[in-house]
Amino acid sequence: MTGPTQPKPSAADSRSVRFRIARCDGPGKPTRWETFAVKIDRESAGANVISCLQHIAAHPVTVEGKRTTPVVWDSVCLEEVCGACTMVINGKVRQSCSALIDQIAPNDGDEVTLEPMSRFPVIRDLWVDRSRVFHNLKRVKAWVPIDGTYHLGSGPREPAKAQDTRYTLSTCMSCGCCLEACPQFTRQDDPAAWDTTFVGAHALSQARLFNMHETGKQLAGERLEALTGPGGVADCGNAQNCVKVCPKNIPLTESIAAMGRAATIHSVTRFFKK
Amino acid sequence: MDTQARKVSVLDRYDFLLRRLHSLTGIVPIGVFLIFHLLTNSSIGWGTLDKRNVERAGLGGHAGVAAFNHDVHFINDTLPFLIFIEITLWASIAFHSVYGFYIATTGRSNVKRYGYQGNWRYVLQRVSGYIGILFILYHVGTLRWGWTFLVPGGTRWSAEYAASTMALALRGSVENVTVAGVVVSLGYMLGVSMLVFHFANGLWTAAISWGLTVSAAAQKRWGYVCTALGVGLMLMAWSAVAAFATLDVDRAESTERNMQKGSLTERAGRP
Amino acid sequence: MSSHRVIVVGGGLAGLAASVRIAESGVPVDLFSVVPVKRSHSVCAQGGINACNEVARQQGYSEYEHFDETIYGGDFLADQHPALEMANWAPKIIDLLDRMGVPFNRTAEGFRDLRLFGGSLFKRTHFSGATTGQQLLYALDEQTRRYESEGKVTKYEFWEFLWPVIEDGRCVGIVAQDMRTMQIRAYRADAVVMATGGCGLVFGRSTNSTICTGAAAARCYQAGVWYGNPEMIQVHPTAIPGADKTRLMSESARGEGGRVWVPRKKGDTRKPREIPEAERYYFLEERYPAYGNIVPRDIATREIFSVCVNDGLGVYGENQVYLDLTHLPATTHHKLEGILEIYKKFAGEDPQHEPMRIFPSVHYSMGGLWTTFAKGSYNPPEPREKHKSGAAPPIDSRIGQGMQPGAIENARTNIEGLYAFGEVNFAYHGANRLGANALLSCIFDGLFCGVGVVNYLKSGTPSKSPHGTVSQSAYDRVVQQEERKARSIIDTVGKGGDDEAGNPYLIHRDLGNELTAACTVVKNGPRLEQCLARVGELKERYSRMKLADGATWTNQSFGFARAVGDMLVLADAIALASIQRRESRGAHYRTDYPNRDDANFMKSSVAKFDAAKRTTTVELVDLDASLIKPTARTYGKKDSATEQEKKSTPTAAMARASA
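One line per chain: the protein sequences are A, B and C, in this order. In this text, residue positions in the first sequence follow this note's numbering: the first is 1, and each later residue adds one. In this text, residue positions in the second sequence follow this note's numbering: the first is 1, and each later residue adds one. In this text, residue positions in the third sequence follow this note's numbering: the first is 1, and each later residue adds one.
Derived from the structure by calculation, the hints contain no laboratory data. Here the structure is a predicted model, which means the values were calculated and not measured. Treat each hint with caution, since some may be false.
Said to hold, decoys possible - Derived pair list, reagent style DSSO-like, types lysine-lysine, alpha-carbon separation capped at 30 Å:
id : chain 1 : residue 1 : chain 2 : residue 2
1  : B       : 51        : A       : 248
2  : A       : 29        : B       : 112
3  : A       : 161       : C       : 485
4  : A       : 29        : C       : 546
5  : C       : 344       : A       : 217
6  : A       : 217       : C       : 152
7  : B       : 51        : A       : 92
8  : A       : 138       : C       : 152
9  : B       : 112       : A       : 244
10 : A       : 244       : C       : 345
11 : C       : 485       : A       : 29
12 : C       : 546       : A       : 39
13 : C       : 335       : A       : 248
14 : C       : 344       : A       : 92
Stated by the list, open to error - Which stretches of chain B does chain A cover? Using the computed rule of at least three CB atoms under 8 Å from a CB of chain A, they are:
id : stretch
15 : 16-24
16 : 55-62
17 : 174-183
18 : 208-220
We put the beta carbon where it would ideally sit given N, CA and C, even for glycine.
One chain only, chain A, in its complex shape (with noise of 0.2 Å):
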């Protein structure tokens, strides 16, 4: 189906857009470079960079004529909200399915660099492997503790501006943009170290969604405790890049700091109470 043709002042005409990517064959295996050209015109308007790696797995052709194999990445929605297709584009960590080639290279000839994300290993190309961010969930209880699923009545009442902003943390898409750009999310890949390096703003900012939770508050202390030990919310640096990159504008260091104050909380009543 054809659909919407938007009019473009700068790029009526076909133009070439050239792809440089980090490829890596597997763990452990070295990076090389290769540059692909994507053309862009009137066929492919609305082109991403999903589209053009789309375009470079069917066609896998450097500029240099060399055959190569189809770059690896990871995607899935294509509409922002699920996370997967996040990588390192021009030097910034972003989502390559918003990434649109009219923003990114306006001109014939510009070029668009791809690198996976560094804080976490790769598998292949710009595939990385990002358990740790859902492991840090788990870390953090990031859930409510409901007695099961059979019927029970409805949940808790809730004021329209706490739903709102439960909403908005509620958001969080676990693509690693937040732990990428962060200075103390450093790369381990001995998941045996992970309970005990920093947890990163994701998980602070889901604490802080289940805390303010009638239910999942029950676990609030839990999450505190976890919050207060190794890699807890004292690792952050207040570097604050997490929401600058947040692609989902998610307040995350408004949670950080909601997190450090119950954290401040949480361990003075323990010193008193225990």
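Starting from the known structure of chain A, fit chains B and C onto it as the hints suggest.
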């Protein structure tokens, strides 16, 4: 969880406590001391505005020198539990710097890619910490521990001649500022700037870490307060260094001599 | 813990709801997903989830009316009993999700808010901003993570389902492949739940995610599982076309008051805001005074298609119409923020100030694996007439009236021990799915039919001969089959020259273009026959396929190429079932048979695969329509003669619609 068997180091175990202690020591006592120290030092400049100092300096004396010396004497001679304060202070500085070094090793800067202002401050906080502690060691070493081989002109600082010996230590000679003197003066400028930045920025981040400023708006407001404080302290620090580096050493010394007599009579006059 | 195990394939809403329910009952679950479950396609659902609530009830709405709407909306092709049970269960599902912490939008007083959605005159759709699917998926993801950390659920993420292991007519496990290490291995289980979603990728660009190839369902199909109503593909009226996919603009945009229009003047070059009200053609509101912009999707799609293609009234002469939200207040924009952001990001214009330009796109497969159910207690002497909107319901909403709770037949395929939940289950939506019923059917399957799976372990064949007693050779055989298949694809690497015809990506592109052209909004016999022939040609090309990557580690293009083969099999079934259904019903519209033909075709199309000949046959299987009698499905459309004379005022239609 599978990591329970893993040995947890002391640093890990007390991670939260140590980090909060680190934050706390930066404010009390170190930050508070810094404020008073800069107030005292800058009295070489603003002290001239106070009539009492003009009296203390006597005829032809330097009111700023009088103010500064007066404060130094107050600290050295009359402040109670000085040794206790000093021990606390040094212990705090030692802990704050050593643990600060450790914290710095846990992160990896990425300002090249993410050149946001906050990220630059993150880096500068660490850099200012490194330079700051070196400066403190030089500053105390040369003025208190007698590392005179590092002082241009080899001046030994003394509490009695606090202002003039300080000026000499910066200038390198009585007559004019030597090359070494310029280097040391600029070094002082840099050192104090770093410490003031470190303190002001640290005060800003501490409010987030402790959870005093939660909303972005509150963080911004507190940012203005910290900036104002930082600018104020910076002005005091720079004015002090500039004033000492350009001080008329002879006049300062004579002022100090006059004051010593005065203070002797003052003391002798006490019941 | 039970010595039984259950495998759930797919980590979207249906798969997670099933995992949680089954794990909760003490049976360990192995959860396989080709992506981390939190990234499943359910995340893309936007508008909401339907359920009667107290406010709607007091206005005259009922669970029964929800059921009636679902059947009417599906043009009487849905299984009526499961749909009734689902509607009755819906309020309980909302309550449960609420307890799990889903941030449903709230009223001023703090109750759950409702919005209007397609196919209903009552507000009965619960929502969480405009990313309801995301919020629901996350809630279930969190519960699954909780069970995972307690050791009750084991996740196999980045594992692709390859084939069901069927021994003596019962499913006893699966063979799957780790798409990182490329290891192929078998997993034993006493029951397998397929919750693998739809097959949008068969149509090339759709609103679906890159993982919605339908390959898992197609593999079950090739292993002997029947596939119901493959021709029933929903084309969503409002999507933003793109180079890589089309992006959904939720029905909630219209439910919240968005209006669809085109300039009355052909090829009008004025900017939308320069066109005065009188020169705008609000064609849905004019043609359907009662429902207006919230007619069901198949109808809206056909109208948009017709206005653009037949009348040539598309905006700027292109295939696009306006979806206008500019007149709505800021509070409404806030409620729709999630989708407005998507439009802003991908189309580069702010829909708060500029009307969006949209066009229909493939969105959902009503069809899927054919399933059974055990009838519940409601058994009227004869089917009832269509329910009058707002009238008192004939029955209350007690559970067990539609389907028998806990029955092991519920949502089971024709293979014992093999279940199909969610979009891959063909049962609920008939010929057209109502907006905000998809999330409901997914979770309902997981929670309600999940109990049947547990009961099957307790009282079915596994109670006597659990998976441990099945001979290893049954598993080895399938592993070998899949290894052979994999090798035959890998072996094509480097063979021959640069043959574009054998490029799997281009085969897929051509398949998508062909099916979109022949099997979506408007179909006709000759074109469908041509489509079937072209799919045959593509199959031939596929047999000469050449892969560009021979890697034995994380070979993504290999996985894609393998799925293309399965998509081609599904394409066959879709085209063939479309040919054989010589009528128009719901999403299936044939210009050569423009009317519904209940006498011959109020039946499910059931596709069966002949493994030996590798061919598809489609049978028409009778449908149990003992609850509601079919009526003409007009949604109060004014016929074209009267349309010219009395033009209804759009605002009146809107007022009625939001009553």
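Structure-based check of all given hints:
Under the criterion of a C-alpha separation no larger than 30 Å, the hint pairing residue 51 (chain B) with residue 248 (chain A) is inconsistent with the structure, at around 60 Å. For the hint pairing residue 29 (chain A) with residue 112 (chain B), the CA-to-CA distance comes to about 26 Å; that is within 30 Å, so the pair holds. Taking the CA atoms of residue 161 (chain A) and residue 485 (chain C), the gap is about 55 Å. The hint is violated against a cut of 30 Å. Simply put, residue 29 (chain A) and residue 546 (chain C) have alpha-carbon atoms about 26 Å apart, close enough for the 30 Å limit, and the pair holds.
For the given pair, residue 344 (chain C) sits about 36 Å from residue 217 (chain A) by alpha-carbon distance, which is inconsistent with the 30 Å threshold. With a C-alpha separation of about 23 Å, the suggested pairing of residue 217 (chain A) with residue 152 (chain C) holds against the 30 Å cut-off. With a C-alpha separation of about 59 Å, the suggested pairing of residue 51 (chain B) with residue 92 (chain A) is violated against the 30 Å cut-off. At most 30 Å may separate the alpha-carbon atoms for a hinted pair to count; residue 138 (chain A) and residue 152 (chain C) meet this at roughly 14 Å.
Taken as a hint, the residue 112 (chain B) and residue 244 (chain A) pair is honoured in the structure, with Cα atoms around 15 Å apart against an allowance of 30 Å. Under the criterion of a C-alpha separation no larger than 30 Å, the hint pairing residue 244 (chain A) with residue 345 (chain C) is consistent with the structure, at around 17 Å. Using a Cα cut-off of 30 Å, the hinted pair residue 485 (chain C) and residue 29 (chain A) holds, with the two alpha carbons roughly 28 Å apart. Our distance criterion of 30 Å between C-alpha atoms is met by residue 546 (chain C) and residue 39 (chain A), whose separation comes to about 24 Å.
Note on residue 335 (chain C) and residue 248 (chain A): the hinted pairing holds, with a Cα-Cα distance of about 15 Å set against a maximum of 30 Å. Among the hinted pairs, residue 344 (chain C) with residue 92 (chain A) is consistent with the structure: their alpha-carbon atoms are about 21 Å apart, no more than 30 Å. As drawn, the stretch 16-24 of chain B meets chain A at 4 residues by the rule of a beta-carbon pair under 8 Å; at three or more, the given contact holds. Coverage of the stretch 55-62 of chain B by chain A is violated. Counting CB-CB distances below 8 Å, 0 residues qualify, and the rule asks for three or more.
Check result for the stretch 174-183 of chain B against chain A: violated, 0 residues qualifying (beta carbon to beta carbon below 8 Å, three or more required). Closer than 8 Å: that is the beta-carbon criterion, and the stretch 208-220 of chain B has 10 residues meeting it against chain A, so the requirement of 3 holds.
Of the hints listed earlier, those the structure fails to meet are numbers 1, 3, 5, 7, 16 and 17, in rising order.
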